[in-house]
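S.K.: Could you put together the complete structure from these sequences and hints?
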Amino acid sequence: MTLSGLLKPFEEMTPEDYAEIGLRSGLEVHQQLLTDRKLFCRCPAGLYNTKEYDAEILRHMRPTLSELGEYDGTALMEFKTRKEIIYRINHQSVCTYEMDDTPPFEINQQALDIALQLAMVMNYKLVSEIHIARKQYLDGSIPTGFQRTTIVGIDGWLPYKGRKIGLVQLGLEEDSCREVSDIGHERIYITDRLGMPITEVVTEPVMRTPQEVADVCNIIRYVSRSTGRVRTGLGAAREDVNVSIAGGTRIEIKGVHRIKLIPRLIYHEAQRQYSLLKIRDELRRRGITPDTFQYEWVDVTSYLMHTTWEPIQRAIHKRQEMVACVNLKGFLGILSYPTQTGTVFSKEISDRVRVIACLTRQPNILTSESTEVTIGNVVWNRIRKAVRAQANDALILVWGSSQDVKTAIDEIAIRAREATLDCPVPSETRQALDDGTNGFERILPGPERMYPDTDLPPLEITPQRIENLAEDVPEQMWVREDRYREWGVPEHLLVPIASSMQAELFESLVKTFNRLSPVRIARLMFEKTVAWRREGLDTSRLTEAVWQTLFTHANTHPPLVEAAETLLETFLKSDGTVDLATQIHAFLLPSIDEATVKDLLQQELAVERPYTSPAAKHHFIMGNVMKQCRGKIAGAVVNQLLNEYLS
Amino acid sequence: MSDSYKGYREPVLSVLKKNNVRVWSEVEMQTTRGEFKGLILPRSETADAKHIVLKLINGYNIGIAAELVQSIREVGYKEAHYQIPEKDFPVDEGKPNVKLLGTGGTIASRLDYRTGAVIPAFSPGELYGSVPELADYCNLETEKLFGVFSENMGPEQWIKTAEAIGEEIEKGVDGIVIGHGTDTMHHTAAVLSFMVQNSPIPIVMVGSQRSSDRPSSDAALNLIHAVKTAAESDMAETMVCMFGPTSDQYGLLHRGTRVRKMHSSYRSTFRTISDIPLAMVDRDKITPLRQDYKRRRSDRNVNINAVFEEKVSIVYYYPNMKPDIIDSLVDNGYRGIVIAGTGLGHVNKPVYPALQRAREHGVAVYMTVQTLWGYVQMYVYETGREMMQLGVVPTANMLPETAYVKLGWALGQTDDLEKVKEIMLTPISGEITEREPYNGYLVYQGGIPEVEEFLRQIKR
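Residue numbers (our numbering), protein chains in the order written: chain A, 1 to 647; chain B, 1 to 460.
For the record, the hints were derived by calculation from the structure and aren't laboratory data.
Errors might be hidden in some of the hints.
[Said to hold, decoys possible] Restricting the straight-line Cα-Cα distance to at most 16 Å, the calculated cross-link-like pairs of lysine to aspartate or glutamate (EDC-like) are:
| hint | chain 1 | residue 1 | chain 2 | residue 2 |
| --- | --- | --- | --- | --- |
| 1 | B | Lys459 | A | Glu56 |
| 2 | A | Lys125 | B | Glu28 |
| 3 | B | Lys459 | A | Glu471 |
Note that this is a predicted model, so its numbers are computed, not measured.
M.R.: Structure representation (structure tokens):
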């Protein structure tokens, strides 16, 4: 088989290329809210203690029957995995509510207010009564087995490139646990983040290219931050990216921490779906359909007793495990067919075996198409005979406890058969990997997983409450940007300021200190500050009070503006020993009059230097004199005096 | 009100009628806030009469105030029908036969995702559909005795349950499981311990603290533990089988007369008081913690003594209690009173005349302790002795709820107060023990370093 199943390299893909494969992509952006407490209990919010825990609790998640009387796809999968879920709890950040031993308390009103205001900023239609729903999660990431969630608005929109990007809903829900490890039959979670209020903004799948998705994601994050009422920092905002191409399936890529990664993630998922479609066509060409699909398996442990290939040798001799060989009839070449950069189809199978059969030790399978040195041809040939393999078959070895291997064999057959279906892209959630590719996480839950929470009654959002919140709602970010542009703020600072938690402070400083240039204030607060932070200085010391002090003095003593940078830098480097106000006073006292400046200029002009041009001479002298009187007299005055001398 | 408008009242009702839409209509609703599309759901009777509930396509429910509605158009109609999947419960001649008696509440259930209604699963087929592991232990038959919430269980239900147990034992079952709400499970467990005596087989009561429609529910595991106990254990007693720790690790088998619900919501809410439980149970094994239990027998010689005097009350003493509390019970014809007294079993002096009067009216008065742990000891203080002279009988370490049901049961058998006293003070099923073991009182306090160390190491 040729490699015709691959898209162009990422860098060469054009919007037309994406249109041709029918790319559709949407976002779910999760954002932690800046509240004092968690959403449904009185535990403090934002208290992270990653390592310390006081106790462990063990639970299992059991699927509940869905409407059709069958277990939901995810539910069944999680049950097959027979995972022991361990929760590590810290007394300070977790109470009996999070551990599902106490019913929920009334919803956090502060969080609800913030969510309503975010909905207003993003042009949502607000509901008049919220109903708490339970959304099932059987992976254990929430100890109840479901997430309490509610929506406060539907059908919002955000402006982007002259279009309106539709927002399906704005949800308010509780955050989940953070996974510590998932090895074999044990998954461990840390619970500090559990129950924190987060909003979920869901976009329509209307972005046309991977870059557009990243752009819109940025906009949503900026808009959320611009309210000043959300948390920032690592993990405070997280995205899921949904991707499909024509003929494929909507795949949810979970846990994207960096927006920069989004374009490549989407490209690779599009590539994977594209390859799976090609693989299906190839299998069809060979006459393999869901009905004619065949596989066999045989216990081949005895053939491998003397292998020196370590993964199997250890399995047999150290852990007394068995090895099975699955023969996928007519699958020759399919297992090594590329699906993502550096990844082939057998990874799809290996991932399923890892998650569903809990065979987490890698490598967990070995295929007859592996090009590495492993068990040797003699052994392979014996195994081929044992499973009666023909030339066009593909073989997979899998090892583990007999129970896990049984699950694995079933799962290998299930996944291989899925490759022959009309839609050969199984509904899954996949996890984002750092190189932009993705791996299988779980089967995507069906829509049946939502049901009402019987523990809490509906809650009316009165028109009065909406009115009060509307008065206090932060201005929309794009309105702010327009105003800053009028103030002359440079383009590259518009978004950083408008989306900043300090936007309101910036505006009030500009209005209060009307003798100062908004550009100066903007550069100090949003450009210099970023540079200092990158240098490693503690810019959190630049509090509202510091800015007030600085600009109050600067408003009456314009020279101070030019010295502000030096003053602030000294202040930041002084580790708290120098008080800014004192520094400012010291600076303001010895002001320089014009006569002194004239003396300084004359001294400079008297020195003979080989200037290359008049401009260079002006530049040099100006620089030298300003070194001695910066901030004590306006630079413009010095400039004018120098010009007089030079002319 | 017709079912077409289930739960909707004025003024919303008129809005629905005017627009020719009803419950289960798929609608497009124009409002002053824009258009909303969804399925109209029934309205809870306890919710306000201002909002229409819509199920959106994404599965969420929302409420829209009727006063915002401009117009509603029906675009479809989708009524929900519920049906529980049934699978035949496998029969294996080699396995013990267990009978599950239902009293109400849900042991297993399935969920209707459209309405959130929890539909109980109870027939063997339904149970097999949701907890297939049960077939590993036994052949199961079920019978629904009645459907009442735990708090509505009373003498009528206790008597019926005891009689049903007697019949099942005669029929030859190998074990009985009783599904019960948890709130009053310990009352029922205690009264059945008295009404059903000399049982040759295990009688296991079970329930759940988290409803069975949720993935983290304790229901399935509790049921598995209870069925295993009924099928396989050699403990022929009335027991409560519920979670030991809050973790999914093992269940505890508590003697019916010594068990009490001790937390309003924890999974591990049931505790044996002033003693240790009978055994631990998990999917694979039953581990007895003591040997003084009654053993399983092959005969069918059970004694059913299902009687109960309803005119019995329990009085929880508090400082400043007035004698009229006791007086009013006497005036209302009560024949028995159990007092939960302070400390070793005390009430204040002003109540004494009322106690005297109760005795004169032939009312049986018994003393228990509201500390729950420990014995009544009325000799230690003068006041205790005075009360005994007034006819108040100490009940050793009987739990207040156990004393209450036992007194009702005793007065159901006889009017002779001396006989009643004999019945009350003769231990039948561990309700009074001769000694309290040192490890019978364990309420460890968090924060203490060694307790924290224990928590870190032992999941519970």
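S.K.: Run every hint past the structure and note whether it holds.
M.R.: Tested hints:
Between Lys459 of chain B and Glu56 of chain A the CA atoms are separated by roughly 5 Å; this keeps the pair inside 16 Å, and the hint holds. Distance check on the hinted pair: Lys125 of chain A and Glu28 of chain B sit about 15 Å apart at the alpha-carbon level, within 16 Å; holds. At most 16 Å may separate the alpha-carbon atoms for a hinted pair to count; Lys459 of chain B and Glu471 of chain A exceed this at roughly 50 Å.
Consistency note: the structure conflicts with earlier hint 3 alone.
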